[in-house]
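Asker: Here's the letter readout for the chains.
4 protein chains.
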Amino acid sequence: MDRAEDYPALPGLDEDAPRDEWAAAYQRIRADTEALAAPLAIEDYVIQAADEASPAKWHLAHVSWYFETFVLREYLPGYTEFDPAYRVLFNSYYEQVGAYHPRPARGFLARPTVADVYHYRAHVDGHMLALLAERRDRPWPEILERIAIGLNHEQQHQELLLTDIKRNFAANPLRPAYRSNLPMPPSGKRAPVDWQEFPGGLVEIGHAGGSFAYDNERPRHRVWLDPFRLASRPVTNGEYLAFMESGGYASPALWLSDGWARVRQEGWSGPLYWERIEGIWWQFTLAGMRPLDPDAPVAHVSYYEADAYARWAGRRLPTEAEWEVAAADEPIVGNLREGGYLQPIAARPGDGLRQLYGDVWEHTASAYLPYPGFSPPPGALGEYNGKFMCGQMVLRGGSCVTPPGHLRATYRNFFYPHERWQFQGLRLAEDGE
Amino acid sequence: MDRAEDYPALPGLDEDAPRDEWAAAYQRIRADTEALAAPLAIEDYVIQAADEASPAKWHLAHVSWYFETFVLREYLPGYTEFDPAYRVLFNSYYEQVGAYHPRPARGFLARPTVADVYHYRAHVDGHMLALLAERRDRPWPEILERIAIGLNHEQQHQELLLTDIKRNFAANPLRPAYRSNLPMPPSGKRAPVDWQEFPGGLVEIGHAGGSFAYDNERPRHRVWLDPFRLASRPVTNGEYLAFMESGGYASPALWLSDGWARVRQEGWSGPLYWERIEGIWWQFTLAGMRPLDPDAPVAHVSYYEADAYARWAGRRLPTEAEWEVAAADEPIVGNLREGGYLQPIAARPGDGLRQLYGDVWEHTASAYLPYPGFSPPPGALGEYNGKFMCGQMVLRGGSCVTPPGHLRATYRNFFYPHERWQFQGLRLAEDGE
Amino acid sequence: MDRAEDYPALPGLDEDAPRDEWAAAYQRIRADTEALAAPLAIEDYVIQAADEASPAKWHLAHVSWYFETFVLREYLPGYTEFDPAYRVLFNSYYEQVGAYHPRPARGFLARPTVADVYHYRAHVDGHMLALLAERRDRPWPEILERIAIGLNHEQQHQELLLTDIKRNFAANPLRPAYRSNLPMPPSGKRAPVDWQEFPGGLVEIGHAGGSFAYDNERPRHRVWLDPFRLASRPVTNGEYLAFMESGGYASPALWLSDGWARVRQEGWSGPLYWERIEGIWWQFTLAGMRPLDPDAPVAHVSYYEADAYARWAGRRLPTEAEWEVAAADEPIVGNLREGGYLQPIAARPGDGLRQLYGDVWEHTASAYLPYPGFSPPPGALGEYNGKFMCGQMVLRGGSCVTPPGHLRATYRNFFYPHERWQFQGLRLAEDGE
Amino acid sequence: MDRAEDYPALPGLDEDAPRDEWAAAYQRIRADTEALAAPLAIEDYVIQAADEASPAKWHLAHVSWYFETFVLREYLPGYTEFDPAYRVLFNSYYEQVGAYHPRPARGFLARPTVADVYHYRAHVDGHMLALLAERRDRPWPEILERIAIGLNHEQQHQELLLTDIKRNFAANPLRPAYRSNLPMPPSGKRAPVDWQEFPGGLVEIGHAGGSFAYDNERPRHRVWLDPFRLASRPVTNGEYLAFMESGGYASPALWLSDGWARVRQEGWSGPLYWERIEGIWWQFTLAGMRPLDPDAPVAHVSYYEADAYARWAGRRLPTEAEWEVAAADEPIVGNLREGGYLQPIAARPGDGLRQLYGDVWEHTASAYLPYPGFSPPPGALGEYNGKFMCGQMVLRGGSCVTPPGHLRATYRNFFYPHERWQFQGLRLAEDGE
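Chains as they are written, first to last, in our numbering: chain A, 1 to 433; chain B, 1001 to 1433; chain C, 2001 to 2433; chain D, 3001 to 3433.
Isolated chain A, as found in the complex (with noise of 0.2 angstroms):
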């Protein structure tokens, strides 16, 4: 089970912080996107088999280009781009930056071919590692600040690495495996859930002080919350099961109504990846068809869905500021993706919350919305999160694809409510007394 304490920190961001340190860190990161995408054929790097889900190689070169454009074109004198076309290709969405290839059409493209964006990664490296060992006078803060949101970038670019190529491989027929030989889960005892109490009243939330973290988790600020109770764990494939057994995909009461409209429109019966075949209940992983674990939790169910079965269970899902609240003092540890399963799996038995890191991001009611104070940071850079604070719903506590070190209690993530392709899960609240 990953440590995330284990995992070195990024060093600190002022004018006096060790370059080198930077720079192994810097190493690290990128050699860790390379061993993700080693297991992996040519034909493999190249598909899109949905608007969301990206193509490996254009994960690969994207990172790359955020140094290029971010860092590189503005802090090292003289510095020649590798291909001024990737400009516009690998932009995922930056306005401010020029135009950008579709995202629907990134599986148009043969070309550049894996080797030239294997060499593009190498063009780039050089020239970080040569900024970063340079003795002149720089805005050292500013640029390694950069450095720190364009690492953070990269993990979270490993993370969408995985589920993507899990989407993509999955609208094979031929189901095949990233990695087939990947671990299976430990037996264990079920764990019953039980319910943790939390008194709420008027507390803080969000990022403060000088360490990393991205603009959305800033500022600290206030929030007033009513006692509260979360569950020990999240909901497991069995419960889930039940819902589903009970009719949950057939009673339009229990839904919301973008949510029925999409259940009846996509013919959802179950979370995304099962399979019933002959009776059993199968579910794609990276390892490619195992059988379903009902002790492990549920995962790639949308919003609607998360809603619908707490609403069918009686109780409710929590919301972000409870979530961060009840998770402030935990350790960040938990089935995150060194622990290798890559697959949410059944807690182990204990006391106290359990999984609150890893296995699924955890749905919250919370919208996704701007803090109180919140601005983002002038220029391009501020359009990385601010810009979809509309229409999406937060998640939180980062799943079994989640790199070591990346996460922290105040990360916010966020997608649009019908999205199920992440490792997305439920852990259910209620109110306290």
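Please keep in mind that the hints were generated in silico from the structure rather than gathered at the bench.
Remember, predicted model here, so these are calculated numbers, not experimental data.
Heads up, the beta-carbon is just placed ideally off N, CA and C, and yes, glycines get one too.
Looking from chain C toward chain B, a few residues come up when the C-beta cut is under 8 angstroms (computed): (1) ILE2042; (2) GLU2043; (3) ILE2047; (4) LEU2089; (5) HIS2101; (6) ALA2105; (7) LEU2109; (8) ARG2111; (9) THR2113.
Covered by chain C, per the in silico footprint, the following chain D stretches (three or more residues, Cβ under 8 angstroms): (10) 3090–3096; (11) 3254–3262; (12) 3364–3370.
Please build the complex by placing chains B, C and D on the supplied structure of chain A, with the hints as guidance.
Answerer: Okay, now just chains B, C and D, sitting in the frame of chain A:
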């Protein structure tokens, strides 16, 4: 100018409430609906020019369906439906009531005729008055609560009747007028904006007590607010035009990502109903085409546009809690429907917050979500508000077509962020100290 | 049964044609249109339940627009349009006349009202009669040719008026009747099919001579035909039901590729307007719901369905040349509109080809293409037929709603292969020896 | 320049046909396919940038699936499929064979890998050669007929391989070349058009005799033709540019109704693959971007565009019968694939009809319909051509990417009227005297 206080409030909901006053309130509000429809030609009742804009005939029937379904069929023994087919035809979206005619197909129904619908209304009215005159024992608080919802529901549809007539008429190149003799607004002096300061703190919002309010306004609950300032009046057409002329609709950096996508997809270049004819700006109103009044509040802008304007202006939108706290002690007066303009008009000079009520529904920065502890009533009526609590934004304050006596400081309206066929406008806010 | 001969033909087109007879013909056909609309309620005139089915009001106005645009504005000096906005509103598709209101938005027009449209008709009629009474020199052959087209055009819209009323009413769950008192068809003996033999050879088809015909029927030209046989009557409902019951709609091998795609996309399982209610087959007619008559010709089947049926039956559809050669010497009699059924009826026993005219438009295996040497008239009237000569199929023979005096053996109707809201049926053919 | 005669024809189909020659033909054509794919990078095999353009990998597998499905599984006892999943994956559209992977999702398949597909080909080849070497009694005429179809089918896919590579590469802003070293066409003198006269009369078209032809070319049958003239060469880029510059794409009167709708919907302003860069016209070719040659035949124009051009030029398109009669005695030579240009080139001076074969598929005015007496073979192979006989138009003559030895005067190609990703061009016709 309308004074909401002058319009009789609904009687109490308790066991001993005076039922003749309920009968009078019922007749008054039902008559209001028919008075609004009086200027229509038969043909005008039938059309539906957009999925969101129901035919006038449908509104008149649906509000009667409410009383038939939720009151008469349940509480008047031996009641015979006017026509069993209306159960489906005039059900809007209540899944627990049964099937419903698809919303985009409401304009395909030539029959029942307009005369049939008025007969339907008379049939329902006769039985409603008979029920209210009943001497026998009944669960009166329950019945009166449902009638209160039904009358408020009818008032909401009175407002929709006008906004939908506007939307449906606007699709006609002849630009017909609903009433060509609506008064021109008084000309006056331009009101400068000043900023009203509010201290925030631990405040309470939401409806409390026994008087009527929708379920979504409940329960009253605590919220922490930092100090804030509100503009003394909404943004005007003239101010919005400056945003347009400075390239607002061509500057992606001002827009939310989904908003910018909508701008391009729909080709937006200004508010709905604005037309530039030979260099002059006009707008389509319920009186037909009229020249744009630069001092009147801008209307028919989506949340995306309101948000982009605020960003351009270096301000932000208020949250619904900020709006409600500021409005809590203000009188519910303003340019509402009974003012007779049916169009926003310029603020008159004065002190303090003006135009809080009436003129335009004011966009807030708050997503439409359940209040802490919210719970909808059981059964089909629970679908009234609760199932829409995802993906929409809250608006406050009513508009120039809101019926008298309908508003409260706690009143929450809600629309999708791209919608703009209602009289939606905005008031700016900023952080205080 | 209607005898086309009994309905007065149009007078001649030459210089000396009797203009009072033209005036009488004009009045007769214009009056026919209004008689057809007489059973409609005001509401019925307005609706459009499908892109292809125009509102009744639109038909009444558009046919008047024809006379205004192509006759009065060009040949009556000083003519003043009834309303200049109608140029756009009631132009169907003539690009050379200018802009036109989008077809799918015809149902959004409450105004002009029905009364306005009748005033428009009266205005046009007055001026048309004044023109025909002119004593001065005019290019009469040219004018009369345009009037002849206009009157035939009006007759086509009389047919569309009925088919579109049927389509628009069918979208209403109340299944209203256009005229509930239409006569029931005479019951009779089932007519067996026999096969009529034709030798083929080098034949001529197409219209020749000076009498009126559309441009698309010209020029008369030679075609080689191999020997063929035609069924003595169209396929009946009972026969078509056998195709359905044998799994016709579930057997892709019977279908054209595009047809099969349409079956799945639209969920077709039988002809348009058929409904199975408690085990009994009904069909929606202009008299409302009526039980299916197994001996009446099947109607409202697309080309795809006609083609699949023929393949299932081991036969084929005739070409338009085969049909025309067979029909050339047959009298133009049959169950046409004046028969008053407004629904196909069973063939009466008899010899030879029956039901060639009337009952149902018969699908042919011929694509709608220009005849060799075809050339449309110059100017906007050239758009009448020519620009549709791609992607559609030819149908022959008229239907139970075709006006009297309107048909010829050379008459070519045409629809897209997926369309079926007209009275489309089929007659089988096979190769001869 | 390619001489079709130089490429060995397929051996006979009778009982005693030399099977070693069949084996040689099989190996030659299968090797041609692989040679065409040789310039591709692995990544290039995978992508699909438009629904109509299959991935290269798919083509290579599908043509093998043909032999496996229609030959080996039926005639080689004990044959074991390479992979049963390929039955579905590489079935194109044969409903009677079973399910098939959806066409627009072919680009989602990273697996089987390119290497897997080559192994599949080798597996099939080994068994095909074993079958052809069989000494035992078999229904050889039937088998050889199926092999003949399979080899012609493979040649069709060779052509599609190139047109689809072009289409898929064109979606890449890098505009990559399939082969950057393709020869430049010889420069020459501009060839003026002259008009070849044909008397028409009662002629015969279609394939007769025992040599190989597709079912849709049969049976040979009589057609009456009026006298006509054909242009001596296809319309050139320079001539087409004059149409564009005279406002052809802005003149609805020149267009079929469906064509004009397509022009507006897709924003067409010139042929596919044309780009104007700093005032100069370029076109995308299989060698990447090249300047437009005004004397080469225009390519990549839809039927709608060809028809509009002809109308603008005061001419018309030929019918397929006219084309075939004119071509019947001409040698099958021209700028075909083996010429090596893979792009249309200017006509060389000369007499008579030139460029009938090769350069561009020539649009005809004929809908793709069955010939009189047409009957497809029973079973799944009957779906090869017959089920597409609706809604498409016939093209004749082959193009610059058509394989050697593949064409006949009777050969019918067919596309939807809006399609233009093939090398489609046009030759004008006019009525004779």
